[in-house]
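A.B. asks: The chain contents come next:
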Amino acid sequence: MAESAQPLVRKYKKYCLQYYNSAVCPYGFHCTYNHSERHEIDLVAYLEGTDFILGEPPKTIRQCHYYKLGRCIFQDRCRYLHDNDDSLRNQSDQQGATNSQPSEKVDLPSTSAQADKKSESESQPNLSKELTQTNDEEHESDGTESSLEEDEEEEGACASPAVVKNKSWAEAPEFVPRGWSYAQVVKADEPQDKLENRKLCPYTTKEGICVNVATCNNVHGEFCDMCERYLLHPYNESERKRHQQECVEQHERNMEHSFAIQRSKEKTCGICFEIIMEKANGEQRFGILPNCNHCFCLTCIRKWRQAHQFENKIIRACPECRVTSDFVCPSMYWVDTKEDKSKLIEDYKEALSRKDCKYFKRGEGKCPFGNKCFYKHATPDGNNIDVGPPSRQRRHRHVDTELDVLQVVLWDFLDGRDFPWQSLANDLEDLVSFFTDSDESDWSDYELFLD
Amino acid sequence: MANIAAQRIKREFKEVIKSEEVAKCAIKLELVDDNYTELRGEIAGPPDTAYEGGNFLLEIKVPETYPFNPPKVRFMTRIWHPNISSVTGAICLDILKDQWAAAMTLRTVLLSLQALLSAAEPDDPQDAVVARQYKENLEMFKLTARHWTNVYAGGPNVNPECDEKIKRLIDMGIEEHQARVALSSYNWDLERATEQLFS
Numbered sequence: 000m001a002e003s004a005q006p007l008v009r010k011y012k013k014y015c016l017q018y019y020n021s022a023v024c025p026y027g028f029h030c031t032y033n034h035s036e037r038h039e040i041d042l043v044a045y046l047e048g049t050d051f052i053l054g055e056p057p058k059t060i061r062q063c064h065y066y067k068l069g070r071c072i073f074q075d076r077c078r079y080l081h082d083n084d085d086s087l088r089n090q091s092d093q094q095g096a097t098n099s100q101p102s103e104k105v106d107l108p109s110t111s112a113q114a115d116k117k118s119e120s121e122s123q124p125n126l127s128k129e130l131t132q133t134n135d136e137e138h139e140s141d142g143t144e145s146s147l148e149e150d151e152e153e154e155g156a157c158a159s160p161a162v163v164k165n166k167s168w169a170e171a172p173e174f175v176p177r178g179w180s181y182a183q184v185v186k187a188d189e190p191q192d193k194l195e196n197r198k199l200c201p202y203t204t205k206e207g208i209c210v211n212v213a214t215c216n217n218v219h220g221e222f223c224d225m226c227e228r229y230l231l232h233p234y235n236e237s238e239r240k241r242h243q244q245e246c247v248e249q250h251e252r253n254m255e256h257s258f259a260i261q262r263s264k265e266k267t268c269g270i271c272f273e274i275i276m277e278k279a280n281g282e283q284r285f286g287i288l289p290n291c292n293h294c295f296c297l298t299c300i301r302k303w304r305q306a307h308q309f310e311n312k313i314i315r316a317c318p319e320c321r322v323t324s325d326f327v328c329p330s331m332y333w334v335d336t337k338e339d340k341s342k343l344i345e346d347y348k349e350a351l352s353r354k355d356c357k358y359f360k361r362g363e364g365k366c367p368f369g370n371k372c373f374y375k376h377a378t379p380d381g382n383n384i385d386v387g388p389p390s391r392q393r394r395h396r397h398v399d400t401e402l403d404v405l406q407v408v409l410w411d412f413l414d415g416r417d418f419p420w421q422s423l424a425n426d427l428e429d430l431v432s433f434f435t436d437s438d439e440s441d442w443s444d445y446e447l448f449l450d
Numbered sequence: 000m001a002n003i004a005a006q007r008i009k010r011e012f013k014e015v016i017k018s019e020e021v022a023k024c025a026i027k028l029e030l031v032d033d034n035y036t037e038l039r040g041e042i043a044g045p046p047d048t049a050y051e052g053g054n055f056l057l058e059i060k061v062p063e064t065y066p067f068n069p070p071k072v073r074f075m076t077r078i079w080h081p082n083i084s085s086v087t088g089a090i091c092l093d094i095l096k097d098q099w100a101a102a103m104t105l106r107t108v109l110l111s112l113q114a115l116l117s118a119a120e121p122d123d124p125q126d127a128v129v130a131r132q133y134k135e136n137l138e139m140f141k142l143t144a145r146h147w148t149n150v151y152a153g154g155p156n157v158n159p160e161c162d163e164k165i166k167r168l169i170d171m172g173i174e175e176h177q178a179r180v181a182l183s184s185y186n187w188d189l190e191r192a193t194e195q196l197f198s
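Each protein sequence line maps, in turn, to chains E and Z.
Using numbering that gives the first Met the number 0, read the first sequence as starting at 0 and increasing by one per residue.
Using numbering that gives the first Met the number 0, read the second sequence as starting at 0 and increasing by one per residue.
Okay, chain E solo, but in the shape it has when bound:
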């Protein structure tokens, strides 16, 4: 074994360990070892404490799998064969020839080479002795042979042997994902993998920093001036436009909102004289009268319209100008313009029309407002029913007593709901339904028709 070891060692070339690991060598041209990158070396052995490795040029040139699929990121620098590219093949052949100095090695059948490798690894102590002895000669003789390749390919396909001491192992090529995974290459033709169709990286923080920015395969958004977030798709133009459109709309909504606050914030209620936006939580709401432009908080105007010590004509009138309005429209903000106001009222009626009328009771009861009722008159199977105009009744004693009973029930209802109403203040829908279910919008309408 010892005798056969020497030719063995001679048979393999010494490659620069530094260059093998990092594709850079501090000695540059003056390095005494061959400079070849990982994929150009079939590694044989590494001796601890030395700064070279033993190896030989790759024996076979295989077809490049990636190239066959049409995507090889190394292009003409690929170690594998790119079909129908003869010049490349020749080049790599030449390279192999120049690199493989010992002629016997090229002639060696691959099986014997493998056997050699095995025996070599068995005789490691011997080998190391040999190597240290030959170290000096090698430095002189091989110095001229150092490869001139300056390629900056940073990765190789072959596995490093366990003995190789790579200083920062986490950066070993095995752990660093490449630009293209096998799956990505295989599915490359499918449209969802096109850059513009890829989703933005979901792991990006608000500041646009991807936790794994070095290795993340996702598309990372560009900075959007409007929302000040990194949400612009870098490749997909329509996606970009959609986001910008969204931002513009959001901006408009914000503007509208701040205008609404601006015009609302100084408004005082004509009844309690307080600034409505500064009232207690749940009372910061406007009660808009459809027929005049006087400003009240919802609580006050509703309370006024419930006052039974006055005639209907009085309480249904605006406390400021005495213009009669049939209902009060709740609103979070004051409305200035006619358009805003009619839109608000439309929305309000629209919201009510989706709720079942509590008098009609899905067909079981009778609604005194008839088809003038704002609420939904529909049977359980969803058919809307026109119950005709409200029946006009004269107010006489019998009806009066009936009214009293109804009123008592309503007040019980109101009292019971008093607190939940406060806490539910944000839920406009609930509030609307609660109020209009129970109090004066219905109530005064009711009385209107009775009068």
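Treat the hints as calculated values from the structure; they're not laboratory data.
Be aware that a few hints might be false.
Simulated restraints on C-beta separations [unchecked claim]:
#1 E:Lys264 with Z:Leu110: 26 to 32 Å
#2 Z:Glu14 with E:Arg321: 58 to 64 Å
#3 Z:Glu163 with E:Val322: 52 to 58 Å
#4 Z:Arg39 with E:Glu363: 23 to 29 Å
#5 Z:Val86 with E:Glu265: 45 to 51 Å
Pairs of lysine-lysine residues, derived as DSS-like cross-links and limited to a Cα-Cα distance of at most 25 Å, are as follows [as the list claims (entries may be wrong)]:
#6 Z:Lys9 with E:Lys278
#7 Z:Lys13 with E:Lys278
#8 Z:Lys13 with E:Lys264
#9 E:Lys278 with E:Lys266
#10 Z:Lys9 with E:Lys266
#11 Z:Lys71 with Z:Lys96
#12 Z:Lys164 with E:Lys312
#13 Z:Lys71 with Z:Lys60
#14 Z:Lys60 with Z:Lys27
#15 E:Lys266 with Z:Lys13
#16 Z:Lys9 with Z:Lys27
#17 E:Lys340 with E:Lys360
#18 Z:Lys71 with Z:Lys13
#19 Z:Lys166 with Z:Lys141
#20 E:Lys357 with E:Lys266
#21 E:Lys371 with E:Lys340
#22 Z:Lys27 with Z:Lys17
#23 Z:Lys60 with Z:Lys9
#24 Z:Lys17 with E:Lys266
#25 E:Lys266 with E:Lys342
#26 E:Lys348 with E:Lys337
#27 E:Lys337 with E:Lys357
#28 Z:Lys23 with Z:Lys13
#29 E:Lys312 with Z:Lys96
#30 E:Lys264 with Z:Lys9
#31 Z:Lys164 with Z:Lys141
#32 Z:Lys134 with Z:Lys164
#33 Z:Lys17 with E:Lys264
#34 E:Lys264 with E:Lys340
Note that the coordinates shown come from a computational prediction; the quantities given were computed from them, not determined experimentally.
Positions of the beta carbon are idealized from the N, C-alpha and C atoms, including for glycine.
Using the hints, position chain Z against chain E.
C.D. replies: Okay, now just chain Z, sitting in the frame of chain E:
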């Protein structure tokens, strides 16, 4: 007192203090108690009326349900007016009753009362005797109102004739105010007033 009432009166009070009517000495408002339930108002008799030059004190009581109910207002100063009781000072004014609106304030109430002094409503009287006189003998009504303003509200128009008649009744042992009421009710006819007083 309900919070809303006290809060509102506080605001109104400040509003009245700063108002131009106060600057012109047409109305005045002061607090009687600290919790804003009772106030004292004062209005000047409107110019070119029988009440010119007089200052009329008003008692204002704010109900707990204010401003959903009107304040209770009464003349403390005696006044000869068809819509104000010459006995109790009770006022007959629609906005203080069924025509009240929650947006009205103490200031508007005081100004309304001032307007009432210059434009009486004899068809909706509080004091029937005064109203009848107003309708039947307007000149006599004005004379009486002026006299009352002079005597009770500090008005400038002294009427020696009235004073003389009252003095004669006082001499007969009648209390002064009683004598004035009797004479005023009978158009300053001393004979009929005496007859009524001693009947």
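A.B. asks: Determine which of the earlier numbered hints do not hold for this structure and return their numbers in increasing order.
C.D. replies: Going through the list in order, the structure violates hints 2, 4, 12, 17, 20, 27 and respects the others.
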